[in-house]
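So the chains spell out like this:
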Amino acid sequence: MPEKEVIIIGGGAAGLAAAVACQQKGVEDILLIERGAYLGGILNQCIHDGFGLEKFHTSLSGPEYAQRYVDHIKEKEIPFLLNSMVVNLTPQKEVIVVNNNGLTHYRARVIILAMGCRERTRGAISIPGARPSGIYTAGVAQELINLKNYMVGQKIVVLGSGDVGLIMVRRLILEGAEVIMVAEKLPYSSGLPRNINQCLNDFDIPLLLSHTVVDIEGNGRLSGVTIAQLGPRGGIIPGTRRKIACDTLLLSVGLIPENELSREAGIVLDNITGGPQVDERGQTSIPGIFACGNVLQVHDIVDNVSLEAEYILEGVAEYLEGKLSQEQEIKVEIGEGLRYVVPQTLISQKDTIFSFRVNQPGEKKILIFEDGKKVIKKKSLRRVNPAEMVRVKLSSSELEEIKTLKVKLV
Amino acid sequence: MEREFICIICPNGCRIKVEYEGTNIKNIQGDECPKGKDYVKNEITNPLRVFTGSVLVENGDFSLVSVKTSVPIPKKYLKKIGEITRWIKVDAPVEISQVVASNLLGEKVDLMATRKIKKINSLLS
Amino acid sequence: MKATKNHYDAVIIGGGMVGCAIARELSRYKISVAVLEKEDDVSWGTSCRNSGVVHAGFNNRPGTLMAKFCVEGNKSFAELCLQLDVPYKKMGKLVVAKKKEEIKDLQKLKQQGDANGVDNLQIIDYSEVKRLEPNIEGIAALYSPETAITSPYLLTIALAENALNNGVSFFLNTRVESITRLNNSHFKIITNRGEFTSSYVINSAGLYADKIARMAGTEKYHLYPCRGEYHILDKNVSRLISRPIYPVTSPSSQWLGVHLTPTIDGNILIGPSNEYIKSKDNLSVTSSVMKMLSAEAGEFLPLISPGYTIRSYSGIRAKQSPSSEGGFWDFVIEESDMIDNFINLIGIESPGLTAAQPIAKRVVEIINKKERLNSNPQFNPFRKGILRFDEQGEETKIALIRQDPNYGEIVCRCEKVTKKEILEAINNPLGARSLISIKYRTRAMMGRCQGGYCQTRIMEILRESFKLGPKELTLKGNDSYLLTGYRSSEVSK
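Protein chains in written order, with the numbering used here: chain A, 247 to 656; chain B, 72 to 196; chain C, 18 to 510.
Derived lysine-lysine pairs resembling BS3-like cross-links, with alpha carbons at most 27 Å apart:
id, chain 1, residue 1, chain 2, residue 2
1, A, Lys339, C, Lys252
2, A, Lys322, B, Lys189
3, C, Lys237, C, Lys205
4, A, Lys431, C, Lys308
5, C, Lys488, A, Lys394
6, C, Lys237, C, Lys387
7, A, Lys489, C, Lys295
8, A, Lys320, B, Lys190
9, A, Lys596, A, Lys271
10, C, Lys484, B, Lys190
11, A, Lys610, B, Lys108
12, A, Lys611, B, Lys108
13, C, Lys488, B, Lys150
14, B, Lys88, A, Lys625
15, C, Lys297, A, Lys489
16, B, Lys189, A, Lys394
17, B, Lys88, A, Lys611
Derived CB-CB ranges, DEER-like:
id, chain 1, residue 1, chain 2, residue 2, range
18, B, Lys160, A, Glu323, 30 to 40 Å
19, A, Leu455, B, Gln100, 19 to 29 Å
20, B, Lys147, A, Arg629, 25 to 35 Å
21, A, Asn395, C, Arg419, 34 to 44 Å
22, C, Gly486, A, Asp450, 28 to 38 Å
Source of the hints: derived by calculation from the structure; they are not laboratory data. It should be emphasised that the depicted structure is a prediction, and the values quoted were computed from it without experimental measurement. Note that beta-carbon positions come from the ideal geometry of N, C-alpha and C, so glycine has one too.
Let's have the full structure, built from the sequences with the hints guiding it.
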């Protein structure tokens with residue numbers, strides 16, 4: 247069985263950045279495995295700009311951002327496979343890959359999980375009603391329009407104010423469709439404020455917060471949806487049901503890290519993030535298996551995905567050199583105000599970047615890191631929002647000699 | 072008149088409050104960098120946006136190439152540019168930043184490709 | 018469209034499980050047969066929307082056709098599935114009592130089963146229940162080892178394909194508009210796609226069998242739609258049960274209660290509910306029922322939560338009386354008293370799946386009594402389905418890819434369906450061409466991402482295979498177009 251030093255599963259933003267970072271760290275025996283026909287993953291269909299502001303100090307579209315990494319990969323001749331699906335991952339770090347050439351086993355010293363995420367579906371949120379055509383998750387609609395040159399429909403209702411949906415509102419309008427409204431079941435938007443501005447406000451598209459779709463009509467093609475307002479506990483407020491005639495329903499109701507392979511390998515997952523539990527090196531519960539990007543936690547900015555991938559390469563390099571030692575195991579506890587934190591454990595006291603999402607929108611908040619009663623660090627946050635990941639670095643001196651770690655937002 | 076803008080220049084999304092009358096700005100609060108100030112000034116006098124879309128490609132490994140305007144354009148022209156892009160066809164190969172259409176709407180605005188497209192020899196494209 | 022005159026000895030109206038089973042049985046004889054189906058594919062009525070359970074026969078009243086055909090069907094089901102290359106698993110079933118009072122109902126069910134000729138029924142105690150199903154809450158159960166599961170849509174498709182192979186003609190997207198009897202010898206059937214004439218008409222139109230009966234002027238039947246909703250759970254929780262788990266219902270009840278059933282593909286189904294509705298077409302799922310299903314399932318299987326649902330669907334039963342009347346109604350499988358050679362199949366609800374082949378044989382008997390049917394020596398009972406790559410051993414997988422690289426391209430990531438299987442489904446002998454037809458034949462789009470990755474790929478493969486324009490692609494035939502709308506430029510032009 248061929249053995250590699252590093253196998254990267256997934257050739258999207260995270261996998262590309264990991265591959266480049268690997269090569270820059272001097273790892274040569276890399277194999278990047280991508281199931282699609284081209285590298286770049288979801289970036290290929292993200293034709294809007296705003297990517298790369300932090301990494302490259304310029305505003306790029308998705309394909310341009312991906313191309314920077316692809317150019318590097320081709321230039322340095324980093325090996326990759328396309329149209330190749332990893333169908334199995336074992337705890338012994340073996341993968342089985344299926345492609346037109348056959349079925350191949352590989353073994354690696356390090357596996358980097360970079361499989362990205364999938365969209366939450368209608369079935370998973372149990373919208374009642376009929377089963378007509380014309381119901382798409384926003385990402386699928388994006389692929390159809392941006393990559394296949396197909397128009398999905400003409401009169402659109404969007405459920406969910408996630409970024410993918412917001413971007414698609416603008417795209418559909420510029421392609422000549424009519425977007426009637428965006429309904430969001432929470433009392434606040436799940437997308438970035440800049441997207442609310444550029445995609446909804448710019449075109450006067452109403453955003454109905456605390457609203458959801460409660461019924462769907464249509465025998466063949468969708469003919470309409472019923473929306474209703476939700477009360478504070480999520481119940482439908484009587485008398486607020488309203489039918490909207492439309493031919494397309496776009497769902498932008500959340501992304502779920504795609505961890506089937508991780509699960510099959512027995513990697514411990516975090517119920518809230520949906521991704522593997524990791525230490526500050528990005529290592530999962532199986533030594534030598536690391537995770538980065540959307541498969542670890544759903545990101546909102548691709549620059550952070552690349553930074554995360556580069557960051558975990560420190561750990562990967564240490565592991566390959568046999569220097570990744572577990573000096574301690576401190577579980578990072580979450581206190582009030584926060585939904586989750588990555589990493590979930592600390593095994594050393596090196597510089598660590600923590601990523602969080604808050605529970606609710608808020609202003610003038612303070613993030614507090616504590617070891618028992620001792621406050622290790624405080625950080626003021628002017629404005630927080632569940633849609634925007636917060637990243638905070640703690641230095642090794644700040645983490646020195648801690649016995650426990652709890653983080654909360656007040 | 073007072074209005075709060077969410078700046079779109081960078082992911083910070085600063086909330087900037089502006090007091091103005093017509094196109095005359097009286098007061099700006101909440102900006103954290105000069106770009107933010109410029110942004111709200113523009114939003115009041117002449118809002119600009121970068122248009123992103125796609126145009127058709129002949130003989131390429133993709134049938135569409137994603138494009139963007141070389142500079143931000145007045146917001147009111149976005150839909151019109153959207154319509155125009157659908158008429159544009161370009162031949163593969165296409166390089167990133169290649170100009171696929173120039174002088175849109177009579178202004179000095181170009182449409183640039185944002186994806187690399189290879190040429191393929193296919194009868195079916 | 019030109020009117021076409023087609024004459025067949027027998028026309029079967031309705032391409033559901035029973036209609037296709039009848040078609041196959043008739044194809045054993047030298048008799049020309051056509052099946053007229055109004056949808057884009059077979060099985061899309063109630064046949065594809067049930068629990069897929071092959072019942073043993075203890076829920077049916079002794080002396081009825083339901084009981085007789087269920088037991089017969091159950092005993093020959095394994096062989097039927099083997100011949101047709103359709104999945105079948107005899108996993109047994111538990112009817113679980115949660116309260117002491119329910120134990121006597123278990124005993125009544127067992128007695129009923131024994132009277133019907135069901136083999137090997139046993140009442141088991143708490144420890145045995147726990148041994149068989151550690152995650153289930155119950156104090157005792159009726160254990161039926163003869164109960165099995167299958168794929169109801171794959172079976173219907175297989176019956177149809179085998180019938181087709183043996184000479185039956187299938188007309189999809191063909192809706193019957195009128196039926197008249199000519200000169201007391203032939204029927205003239207007018208459809209939206211032309212005219213047919215036949216000597217026999219077999220009305221297996223399921224929910225609409227009453228309408229077809231009325232169209233021809235036979236007895237006045239009335240069918241009342243009763244909807245059952247289901248949840249499909251993520252495969253990650255499939256290990257929680259090993260076999261169908263049913264609640265205790267009274268032996269005379271025709272509703273078997275909300276149950277938990279493993280599907281042949283490895284998901285758990287929760288359902289069905291039992292709700293009389295107004296419209297026969299209303300396949301919606303409702304939030305109140307969805308909540309009820311989760312609650313009822315939770316009583317047996319506390320480890321279940323609504324978060325595991327990946328999809329919900331519903332099916333409609335053809336009831337012979339309204340909810341206010343209730344009562345027991347056996348299968349009606351008989352030649353009309355009013356019109357010769359017109360055979361009605363009315364009220365084929367559970368155990369219709371299990372009983373499909375015996376029901377079909379009964380129809381053949383009815384015809385055989387009227388005129389001697391001659392055997393078709395060319396009849397071949399065997400049919401091969403689409404090979405599932407993911408179920409093969411590794412050596413076989415390698416050989417398959419070598420033989421055809423399309424086996425190496427995985428299109429549906431969640432269910433690991435290859436391009437080769439998609440191509441075979443697209444080129445199905447019945448000529449069904451919608452996305453759902455491919456879904457049923459391959460499992461693609463049935464996984465947890467519900468087509469998020471593969472839908473666009475399947476659409477491309479469909480387009481390429483039949484040179485279809487994007488606006489011709491449908492989800493489920495008729496006007497369920499996938500890609501509508503126009504771009505600004507198209508409008509301006």
